[in-house]
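Participant: With the hints as constraints, model all of the structure from the sequences given.
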Amino acid sequence: MSGAYFPKPGFDSEDDFGRDLHTEHQVLNMGPSHPATHGTVKFLIELDGENIVNLDIQVGYLHRGFEKECEAGTWYQAVPYTDRLNYNSAVLANVAFCLAVEKLLGIETPERCQWLRVMASEISRVADHLTRCGAACLELAAMTPFLYGIEARELTWDHLEMLCGARVTSNYVRIGGVKHEMPEDFPASCRGYIARTRELLADFDSMVTGNRIFIDRLKDTGVIDRETCLRYAVTGPMLRSTGVPLDMRKDEPYLVYDEIDFDVPIGEVGDNYDRYLVCVEEMHQSLRIIEQCLVKLEQLGPGPVNVTDPRIRWPAKEGVFNRMEELIQQFKSVTEGPRVPAGEAYTAVESANGELGFYLVSDGSAVPVKVRCRPPSFINLPPMAKMLEGALLADLIPTFDFINMVGGECDR
Amino acid sequence: MFHAIVRVVPGSVIKVRREEKLGFLERLYVPAIAKGLRVTSRHFFRNLRGFVTGKRRTDFVVQYPEERVDYADAFRGMPVLVALESGEPRCVACGLCEFACPTDCITIVPGETETARIERHPEVFDIDMSRCMFCGLCEEACPEEAIVMSREVEIAAYRRDDMYFRKQDLLVPEALLKRRLDFLRGEYRRASEPAEAGE
Amino acid sequence: MEDHASPLLRRLIDELPQALQETHAQHGDATALVSRAHLLEVLRFARDDSQLDFEMLTDLCAVDYLPRTPRFEVVYHLYSVSQNHRLRLKVQLSEESPSLASAVALYASADWMEREVWDLYGIRFEGHPDLRRILLYDEFEGHPLRKDYPKERRQPLVGPGN
Numbered sequence: 002m003s004g005a006y007f008p009k010p011g012f013d014s015e016d017d018f019g020r021d022l023h024t025e026h027q028v029l030n031m032g033p034s035h036p037a038t039h040g041t042v043k044f045l046i047e048l049d050g051e052n053i054v055n056l057d058i059q060v061g062y063l064h065r066g067f068e069k070e071c072e073a074g075t076w077y078q079a080v081p082y083t084d085r086l087n088y089n090s091a092v093l094a095n096v097a098f099c100l101a102v103e104k105l106l107g108i109e110t111p112e113r114c115q116w117l118r119v120m121a122s123e124i125s126r127v128a129d130h131l132t133r134c135g136a137a138c139l140e141l142a143a144m145t146p147f148l149y150g151i152e153a154r155e156l157t158w159d160h161l162e163m164l165c166g167a168r169v170t171s172n173y174v175r176i177g178g179v180k181h182e183m184p185e186d187f188p189a190s191c192r193g194y195i196a197r198t199r200e201l202l203a204d205f206d207s208m209v210t211g212n213r214i215f216i217d218r219l220k221d222t223g224v225i226d227r228e229t230c231l232r233y234a235v236t237g238p239m240l241r242s243t244g245v246p247l248d249m250r251k252d253e254p255y256l257v258y259d260e261i262d263f264d265v266p267i268g269e270v271g272d273n274y275d276r277y278l279v280c281v282e283e284m285h286q287s288l289r290i291i292e293q294c295l296v297k298l299e300q301l302g303p304g305p306v307n308v309t310d311p312r313i314r315w316p317a318k319e320g321v322f323n324r325m326e327e328l329i330q331q332f333k334s335v336t337e338g339p340r341v342p343a344g345e346a347y348t349a350v351e352s353a354n355g356e357l358g359f360y361l362v363s364d365g366s367a368v369p370v371k372v373r374c375r376p377p378s379f380i381n382l383p384p385m386a387k388m389l390e391g392a393l394l395a396d397l398i399p400t401f402d403f404i405n406m407v408g409g410e411c412d413r
Numbered sequence: 356m357f358h359a360i361v362r363v364v365p366g367s368v369i370k371v372r373r374e375e376k377l378g379f380l381e382r383l384y385v386p387a388i389a390k391g392l393r394v395t396s397r398h399f400f401r402n403l404r405g406f407v408t409g410k411r412r413t414d415f416v417v418q419y420p421e422e423r424v425d426y427a428d429a430f431r432g433m434p435v436l437v438a439l440e441s442g443e444p445r446c447v448a449c450g451l452c453e454f455a456c457p458t459d460c461i462t463i464v465p466g467e468t469e470t471a472r473i474e475r476h477p478e479v480f481d482i483d484m485s486r487c488m489f490c491g492l493c494e495e496a497c498p499e500e501a502i503v504m505s506r507e508v509e510i511a512a513y514r515r516d517d518m519y520f521r522k523q524d525l526l527v528p529e530a531l532l533k534r535r536l537d538f539l540r541g542e543y544r545r546a547s548e549p550a551e552a553g554e
Numbered sequence: 002m003e004d005h006a007s008p009l010l011r012r013l014i015d016e017l018p019q020a021l022q023e024t025h026a027q028h029g030d031a032t033a034l035v036s037r038a039h040l041l042e043v044l045r046f047a048r049d050d051s052q053l054d055f056e057m058l059t060d061l062c063a064v065d066y067l068p069r070t071p072r073f074e075v076v077y078h079l080y081s082v083s084q085n086h087r088l089r090l091k092v093q094l095s096e097e098s099p100s101l102a103s104a105v106a107l108y109a110s111a112d113w114m115e116r117e118v119w120d121l122y123g124i125r126f127e128g129h130p131d132l133r134r135i136l137l138y139d140e141f142e143g144h145p146l147r148k149d150y151p152k153e154r155r156q157p158l159v160g161p162g163n
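Protein chains in written order, with the numbering used here: chain A, 2 to 413; chain B, 356 to 554; chain C, 2 to 163.
Source of the hints: derived by calculation from the structure; they are not laboratory data.
Take these hints with a grain of salt, some might be off.
Unchecked claim - Calculated pairs, DSS-like style, for lysine-lysine (alpha carbon to alpha carbon, straight line, at most 30 Å):
#	chain 1	residue 1	chain 2	residue 2
1	B	K370	A	K220
2	B	K376	B	K390
3	A	K220	B	K390
Facilitator: And the structure:
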């Protein structure tokens, strides 16, 4: 190499070539309104060239005072707010909250209600994973698989709408039951949906999973090991990708998950590729669970989906319209709300991102003292700074995608 | 500090199929491109066929203002008041929806009427749609089937004041809400059937 | 002290009787009220003991019981992946000195959750490496999840032009 081709001062001699260049670290602001940050998080990235030296994650842009709002209304009125935590899979948060309240009340919901809840949760889980995998493809510049993922999610949400009445903010689960029974044409339509989603997932798979560009972007990026996961209390697909088969549906079976046959997929390396594969496999398992729920619901036949105690669940409308006692009961339960015995309880469910827990404290009145949501997004996010130490800036995008931080849940 | 832990959970655990080493063909970009083209062209021709014949639409793009999707029966749009044939609301201003609403977006001022059948009616019934979150608790609380969730969602406005709906803006004749009312009555019937069978 | 048929609590009571003020197992959740001075000792024991083996600090939050004294309670939820059991530890704090030893050195997950508790309740964690607001902005006045913070209160506008 001679100075003729590199006429910069300081590079004239061979001795200078290996000299350490004193470059300054550059601080890059990414977000809060960057397409890849899903609108709600800011990264302060200290860069050495293209390598990340230090990463400061700043959350809170979507803080809406969820806990404060819940403590201002009755137990009943908190249910619609839980929809707004993880807006990709609202039913899961509904279920978690209602299970926690039911634990405080010491009641058990009818069997049919439990199967309906499981089915609705699994449909939401599919929607959540589809969003995660689809959006990750989009942000890695693969537009077409994103469209197939979103088509499947569209179908998923159509079926949530059939079941719950709304696509995103479902508000389906109630304390002591569910909003209403599934429509009569739902099982047939849902089976069509499952078949179509499997086709779309196969297309998605054939375009992405074995694709070299995709693998090059994901493999060995954002690696996290088992010990770091445990120290940071990381759960969900992120922990399972490191090979720990922790799944609340298996470990602390709630609802009727102990009667359902499904597998827990695990990875081994703990990189983004493993997380992607775990998510895809979980979608297939969720579809299996939905099928089993449909079969079981048809076997069970019509039956109650709500507890009959009018102090907990609002009385059935037929009675309210026609009989005096139920009308009085309706007035009492709406204006006062269920009175939850004093005490504290913590319930965890397996949400799409990990353990979603609710810690509730009641003083015996109709208004909660404390509604604490243990948000998996918030807790899975901090190790990201560790996972990306020394990595390239471009690795931040897939890593953040597969952590799947959802602003509503992280910031509450 | 940490033990090497992998507890065997009940039920089966499967390991994901991870392609550790790519084959020569996979490392070339050409087969991936061919595979991708095959999938996309299959989708393209299927959509094209559906679009031309109009038989089975598989494309998800809806030409919005001209075409609209049909929402499910259970769909919850904005809450409206059911109007009787006389044009008066069915509402008796009991205030249960006001109590049930988590966001306090309903304002009711009750008044008395001269007609014998319904003695109370709302003088004022306002819903602040900019706060309403379409949760449907008002509909569930109503003992008179007077407030229901319509199928209307296109309520965007340029000013906040335009999102404040008065009683007159909310009144909808019963005939227009037939689908929702039929759905609700069907649900109510189904909800009380098993209970009565068990008694 | 009772053991509530929970081997977890029995073990804690046997090993660290001086640190525990009260135990219960309401709704099946093993719970121990720990004295403020002994919190880190209990946490360390829970993490390192081979029978308890709590690898995870799943959740950390605070509760404000306003008219009561002591007013605050900081709640730790521990989970053991290998043993599949849970434990809840609670520490009571008075209104005058709402501060507590930080658990970040023991559990890395405590980092953000302690920042959150500081942000929303104004409880200080001594020894936390970087205790700043997390969900709210630096100019925010007060700690909104305290019961005496009115829900309707407005905050001053911040940012350029204000």
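Participant: Each hint should be assessed against the structure and marked as holding or not.
Facilitator: So, going through the hints one by one against the coordinates:
At roughly 16 Å between alpha-carbon atoms, B:K370 and A:K220 fall within 30 Å of each other, so this suggested pair holds. Simply put, B:K376 and B:K390 have alpha-carbon atoms about 19 Å apart, close enough for the 30 Å limit, and the pair holds. Taken as a hint, the A:K220 and B:K390 pair is honoured in the structure, with Cα atoms around 21 Å apart against an allowance of 30 Å.
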